[in-house]
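The chain contents come next:
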Amino acid sequence: MSRVPTDVSESERQSAALWVHELEKVYGDGTLALRGLSLHIPAGCFFGLLGPNGSGKSTLIGMVSGLVRAPADRIFVFGRDVVAQAGLARLQVGVAPQDVHLDRFLSTREVLEYHGRYFGMGKREAARRAGELLEVFDLSAKTRVKPNRLSGGMRRRLLIARALVHSPRLLILDEPTAGVDLELRRELWSYLRRLHQHEETTVLLTTHYLEEAEALCERLAFIREGQIIAKGTTGQLVERYGGSALEDAYVEAMR
Amino acid sequence: MAAPPVDSRELRVVRRRGSWALASREMRRVMSLWTQTLLPPVLTGVIFLAIFGGALGGQLRTIVGVEYLRFILPGLLVMTVAGQAFANNSTSLFQAKNEGYIEDVLTSPIPPWQLLLGYMSGGLLRGWLSALVLALVAAPFAGGVDQPWLTLFALVLTGLIFAALGVITGMWADSFDQHSFIASVLITPLALVAGVFYAPDRLGQPWQTLTRLDPIYYLVDATRHGYTGAHETSTVTALGVAAVAAAAIIALAVTLLRRGWRLKA
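Sequences listed follow chains A and B, in order.
My numbering numbers the first residue of the first sequence as 1 and each following residue consecutively.
My numbering numbers the first residue of the second sequence as 1001 and each following residue consecutively.
To be clear, the hints were calculated from the coordinates, so they are not data collected in a lab.
Please note that the accuracy of each hint is not assured.
Which residues of chain A face chain B? A few of them, derived with a C-beta cut under 8 Å, are [said to hold, decoys possible]:
no.	residue
1	83
2	87
3	95
4	97
5	104
6	115
7	117
8	120
9	182
10	189
11	191
Since this is a predicted model, take the numbers as computed values, not measurements.
A virtual CB, placed ideally from N, CA and C, is assigned to each residue, including glycine.
Construct the complete structure from the given sequences, taking the supplied hints into account.
Printed below as a string of C-alpha cells:
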C-alpha cells in the first residue's frame, strides 16, 4: 500500500469533506472488505455510494466514523486524519448507521440531548437543539417516550436526528430509508434537501433505492468488492454504462 | 449552519463535557434503578451483619480483640464496594455493547481514558453509596471509625480496581453467561476467602495460605485497620500493592478501549 501521494496539496485534502486514499480492510476472519479504495467527496456535495450488500459500504462508513478500526494517514475528514486526529475529525461527522441502536435507558429527548453532550455541547444548548430536531422530525409528541416504544419509522427518524444534533459538516446516512414507508421517505428526502441546501452540509448517502439516489445525489460512486469501480454524475454514469436511467447503469456496472 | 471546526484547545473542553455527560448518564442509571442497584447490596450487607454479627457474634464475642460485628463490617464494606462497582460497570458496558448503542459514544470525540472515567463513575457511585448506607446502618452497633482517612483510602482503591475490572469484563463478554461467569467464578469466591468473616492466622492450611494469596484480603485488612485499628499485614505494603494494581488495571482498560478490543471490528 502506498503512502499518501506527496503531489496532493494540503489544501485539496483540507477542502475535501472526505478524502480516502488506497484504503484496505481485512477483518479478523480474513474477509477482505476493502481493496485499496480511494474516494474524494468535495465539501458541500450530496454524494451517493451505491453497491450490493457486502461491497464494503458499511465498512467504509464504520472506518470513517470510528466504529471499525482504521489505519492512520488514509482517511481524512475536512483535512483531519480520523485516526491521528480522531477527536477533531469525529466532531465533524454525524452518522446514522444502518441498524437502529438507541439507548433504552433514555427518553427520546434525552437520546438527542446526551448525544449532543457527548459531542461537547452544553446542557442548555443540547436541550435547545434537541427540541428543534424533535420538531423537525415530528417527534415532539414522543419526547418522554423510551425509544423501544417508538414505531420503526419513528426510531429511524430519531436515529437521523441524533446524527444531526451536533450540526456535523459531514452527515453519513447508511441506508436511512430502509424499511421506511413511502410517505416518510419523501418527507426525509425533502428534509435532507433543505439541510444540504441551507446548511451547506455534505451528505454521504448509501441506499439500495436507486430512485432515491437519483433524486438526491449530485454525484455518485459505484462500489463493488471493496473498490470504487465508477464515479460521476447520474448523467455521466448512464452515458458510460448505457441505458436510460441510473438503474440500468448500476445493473450493467455490477455485472 | 454546520458547526465550525474547533481547535485543539476547544477540543479539550468538548472532551471534558463529553466525558461528564457519559458519567452523568451512568450515575443517573444507578440512581433511577436504585431498587436494583442500591437496595439489594445494602440489604445483603445488613443480613450478613445480622446473621454473622448478631447470631454468630454472640458465640464468638471477639476476634483479634475486636467485637465480631465490628470485625466483619470493614470486610463487608470492601465486598460491597468491590461487588457493586464491578457488577454495575460490567453490566452497563455489556448492555451498551450487546444492544449496539455503545456506537453513540464510540463515534464521539471522547478519548479512551475519558470514556473509562465516564463508565467507571456509575460503578464507583453504586459501590461507595451502598457501602456508605451500610456503614451508617451498622454504625450504632459496630461503633465509629478509628481512622477515617485510611478507611476511605482503602475503599477508594477497592472501588477503582473493581470498577475498571468491570469495564474490562463488559468489553470482554459476548453473552450474559460470560458476563456473569467472572462475577460468580472470580469475584465472589475471592471475596469469601478474603478474611471478611475470619482472621487467617486462626485457620489451618490451606485456608491460611489461600487467604494470604487473595488480593482482596489486603484491601480488607487495610480497611479493617482504618475502621477498627486491628490489622495483620503491613497496611503501607497492602495499600501500595493495591495502588499499583489499580494503576495497572486502569492502564490496561485504557489500552483496551484505545484498541477497541471486542468493541470494534
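Hint-by-hint comparison with the structure:
no.	hint	in the structure
1	83	11 Å, violated
2	87	4 Å, holds
3	95	6 Å, holds
4	97	6 Å, holds
5	104	7 Å, holds
6	115	6 Å, holds
7	117	3 Å, holds
8	120	3 Å, holds
9	182	27 Å, violated
10	189	20 Å, violated
11	191	15 Å, violated
Violated hints for the displayed structure, listed by number in ascending order: 1, 9, 10 and 11.
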